[in-house]
Amino acid sequence: MKNKIAFLTIAISMSSCVMVKEYEKININDPDMTLTKRKSLKFETSFHIYRESAMGANGGKTGGGCGCN
Amino acid sequence: MKNLILYMFFGFSVASISQTKDNKEYKRRVLDNVEIDVLSSFYSQKGKNSAVNGGIGTEELTDIAGSIDILIPMNADDILSIGFTVSAYTSASSSNLNPFKHSTSSTSNTSGASTSTSAETKTVIGTPWLASSGASGQDTWLSCNVSYSHWSDDRNEIYTASFSISDEYDYTSIGFNTGFTKLFNQKNTEIGINLGLFLDKVTPIYPTEIETYRRTEGSLNSSFFANVDILNSEGLETDKNSNTTWVATQYNEITNTNRNTYSVSLSLSQILSKNSQFSIFSDIIMQNGLLSSPMQRVYFEDKDDFYIGNPSNIPNYTNPSNVDVFHLADAVERLPDSRLKTPIGFRYNHYINEFLIFKTYYRYYFDDWGIVSNTLSIELPIKLNDKWTLYPSYRYYNQTKSDYFSAYNKNISTSLYYTSDYDLSEFNSSQYGLGLKYTDIFVEKHIFKALGLKNISLDYSMYKRNIDFNSYIISLGFKFIID
Numbered sequence: 006m007k008n009k010i011a012f013l014t015i016a017i018s019m020s021s022c023v024m025v026k027e028y029e030k031i032n033i034n035d036p037d038m039t040l041t042k043r044k045s046l047k048f049e050t051s052f053h054i055y056r057e058s059a060m061g062a063n064g065g066k067t068g069g070g071c072g073c074n
Numbered sequence: 043m044k045n046l047i048l049y050m051f052f053g054f055s056v057a058s059i060s061q062t063k064d065n066k067e068y069k070r071r072v073l074d075n076v077e078i079d080v081l082s083s084f085y086s087q088k089g090k091n092s093a094v095n096g097g098i099g100t101e102e103l104t105d106i107a108g109s110i111d112i113l114i115p116m117n118a119d120d121i122l123s124i125g126f127t128v129s130a131y132t133s134a135s136s137s138n139l140n141p142f143k144h145s146t147s148s149t150s151n152t153s154g155a156s157t158s159t160s161a162e163t164k165t166v167i168g169t170p171w172l173a174s175s176g177a178s179g180q181d182t183w184l185s186c187n188v189s190y191s192h193w194s195d196d197r198n199e200i201y202t203a204s205f206s207i208s209d210e211y212d213y214t215s216i217g218f219n220t221g222f223t224k225l226f227n228q229k230n231t232e233i234g235i236n237l238g239l240f241l242d243k244v245t246p247i248y249p250t251e252i253e254t255y256r257r258t259e260g261s262l263n264s265s266f267f268a269n270v271d272i273l274n275s276e277g278l279e280t281d282k283n284s285n286t287t288w289v290a291t292q293y294n295e296i297t298n299t300n301r302n303t304y305s306v307s308l309s310l311s312q313i314l315s316k317n318s319q320f321s322i323f324s325d326i327i328m329q330n331g332l333l334s335s336p337m338q339r340v341y342f343e344d345k346d347d348f349y350i351g352n353p354s355n356i357p358n359y360t361n362p363s364n365v366d367v368f369h370l371a372d373a374v375e376r377l378p379d380s381r382l383k384t385p386i387g388f389r390y391n392h393y394i395n396e397f398l399i400f401k402t403y404y405r406y407y408f409d410d411w412g413i414v415s416n417t418l419s420i421e422l423p424i425k426l427n428d429k430w431t432l433y434p435s436y437r438y439y440n441q442t443k444s445d446y447f448s449a450y451n452k453n454i455s456t457s458l459y460y461t462s463d464y465d466l467s468e469f470n471s472s473q474y475g476l477g478l479k480y481t482d483i484f485v486e487k488h489i490f491k492a493l494g495l496k497n498i499s500l501d502y503s504m505y506k507r508n509i510d511f512n513s514y515i516i517s518l519g520f521k522f523i524i525d
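Those sequence lines, one after another, are chains U and G.
Under our numbering, the first residue of the first sequence carries the number 6, and numbering increases by one thereafter.
Under our numbering, the first residue of the second sequence carries the number 43, and numbering increases by one thereafter.
Please note: incorrect hints may appear among the correct ones.
[Claimed, not checked] Not everything, but these chain G residues come out facing chain U in the computed CB check (under 10 Å):
| # | residue |
| --- | --- |
| 1 | V365 |
| 2 | I386 |
| 3 | Y390 |
[As the list claims (entries may be wrong)] Below are the BS3-like pairs computed for lysine-lysine, each with C-alpha atoms no more than 27 Å apart in a straight line:
| # | chain 1 | residue 1 | chain 2 | residue 2 |
| --- | --- | --- | --- | --- |
| 4 | U | K26 | U | K42 |
| 5 | G | K229 | U | K26 |
| 6 | G | K429 | U | K44 |
| 7 | U | K44 | G | K224 |
| 8 | U | K30 | G | K143 |
| 9 | G | K282 | U | K26 |
[Unchecked claim] Some chain G residues well away from chain U (every beta-carbon gap over 12 Å; in silico):
| # | residue |
| --- | --- |
| 10 | D79 |
| 11 | N358 |
| 12 | I489 |
| 13 | S513 |
Hints were generated in silico from the structure; no laboratory data involved.
Just so it is clear, CB atoms sit at the ideal spot from N, CA and C, and this is done for glycine as well.
Excised from the complex, chain U in its bound form (with noise of 0.2 Å):
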């Protein structure tokens, strides 16, 4: 599995040479393409995190909080 995402993500950046510059970023710069969850998921973020194992990893916060009710 890790092979697999080490190998992802080393042939997605070979294949990034195209440059794109600030003029052509207006579909990249909408702001359903950000590259984080939405905002308004905040505490639904909180529950994944109180009710499973594994956490992190989406630009969150990352500890602090019980979470053991």
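Since the structure of chain U is already known, use the hints to place chain G on it.
Just chain G, lined up with the frame of chain U:
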């Protein structure tokens, strides 16, 4: 590690202040107006594997939460962010720290024309299947977060430092975060590093029978246990002065109530074309201290079972129809005092056309407690027009069980570590979500004249595990801009 994080936290803070100088050249402000995000949510869950009751019983819980986050432009380059969150919950599972209550019954004797009432009998009953009226069944969690971000003049470097504090009845947390982001290749590539430190303090709370046992040093004739019958698995009353009755065979003597979390987060984002971009990020999260929860009961398969309540319902204990007998805990959860978590996440977004965007997320996770997990989610923002966007989504999650997990009454007393918390069990889940957002890019509608409404969002998600657990959450958010 702790010193390194604190050093970077203060180092970046100083760097961001020292770089705040008058710049006569024109540059666009990082943030033009004060922005205010107000978010509220209602969460509800149901399940049959309560951790407080040793892996059996109701998991019913509701939570109402609200937050306000304010972004304030301090100058052209800097943003101050202040956030407050309040979360109030009621939990049937937590309420069953003390599941016991007195039940009074009276019997009457009828002889001929006269009826005489015999003395009332008081018995103690309990059940893992209903909420108790105990104070532990509800609590409020409060949190405050302050963050300061600084952009370099060319907007290719971002420094961030933040501080957070949160508190609830039995838990306090203080957090520090500091981060650095560098953009290059004409802002086509972005790398980031973030260091986090959380210093948490736990106030241990034990289930009633364990707490009483600890306090009375094993006496079953005083305090809570006075005049209470302890039954064996056949429903027969045991002699509380003999060695054939219940004893708390193991329970944690907690000396360290600290829980510290150290994290290093790395990220790489890359624009692939005019319509697509991806990011890959990984955290290394190290936790140490009290990682178990002493409020969670454990039952051992190799120990005799003892109960309080109605003997006729003992064979029916694991059935929700049991309303009056409770299994006395053998021990409370015991887990290692360190844990290393490693998640690796990947996002890929593709702008298909002006109506549709394709957003994906995948995460691979493993830790040194034996849990391996995969998370996959897909969201398809559909732009209905220039004001309304629909967000259908699907999320799949799975995890293997922790090395220390066993089901209700299946742990072994000779194990060093044990838990029946089903959040550490093997399961998979599916979540279906639907969101709707109204956006007014011209901010035409105002409240109190100066408060412009930028958007409103409404989200609903339904979550279901392949074991007995399901939940849903509704979130309502508003974004305002101060002119």
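Right, here's what the structure says about each hint:
1. The beta carbon of G:V365 comes no nearer than 22 Å to any beta carbon in chain U, farther than 10 Å, and the hint placing it at the interface is violated.
2. Because the closest C-beta pair between G:I386 and chain U is about 6 Å apart, less than 10 Å, the hint holds.
3. Because the closest C-beta pair between G:Y390 and chain U is about 8 Å apart, less than 10 Å, the hint holds.
4. At roughly 25 Å between alpha-carbon atoms, U:K26 and U:K42 fall within 27 Å of each other, so this suggested pair holds.
5. Of the supplied pair hints, the one linking G:K229 and U:K26 holds, its CA atoms being roughly 9 Å apart against a limit of 27 Å.
6. Simply put, G:K429 and U:K44 have alpha-carbon atoms about 18 Å apart, close enough for the 27 Å limit, and the pair holds.
7. Proposed proximity of U:K44 and G:K224 is supported: the alpha carbons are some 23 Å apart, at most 27 Å.
8. Note on U:K30 and G:K143: the hinted pairing is violated, with a Cα-Cα distance of about 65 Å set against a maximum of 27 Å.
9. Distance restraint check for G:K282 and U:K26: the Cα-Cα separation of roughly 81 Å exceeds the 27 Å cut-off, and the hinted pair is therefore not satisfied.
10. Distance check for G:D79 against chain U: the nearest CB is about 6 Å away, which does not clear 12 Å, and the non-interface claim fails.
11. Separation of G:N358 from chain U is adequate, the least Cβ-Cβ distance of about 27 Å exceeding the 12 Å criterion.
12. Its beta-carbon lying about 19 Å from the closest one in chain U, G:I489 satisfies the requirement of being farther than 12 Å from that chain.
13. At roughly 7 Å, the least C-beta separation between G:S513 and chain U is not larger than 12 Å, which violates its mark as non-interface.
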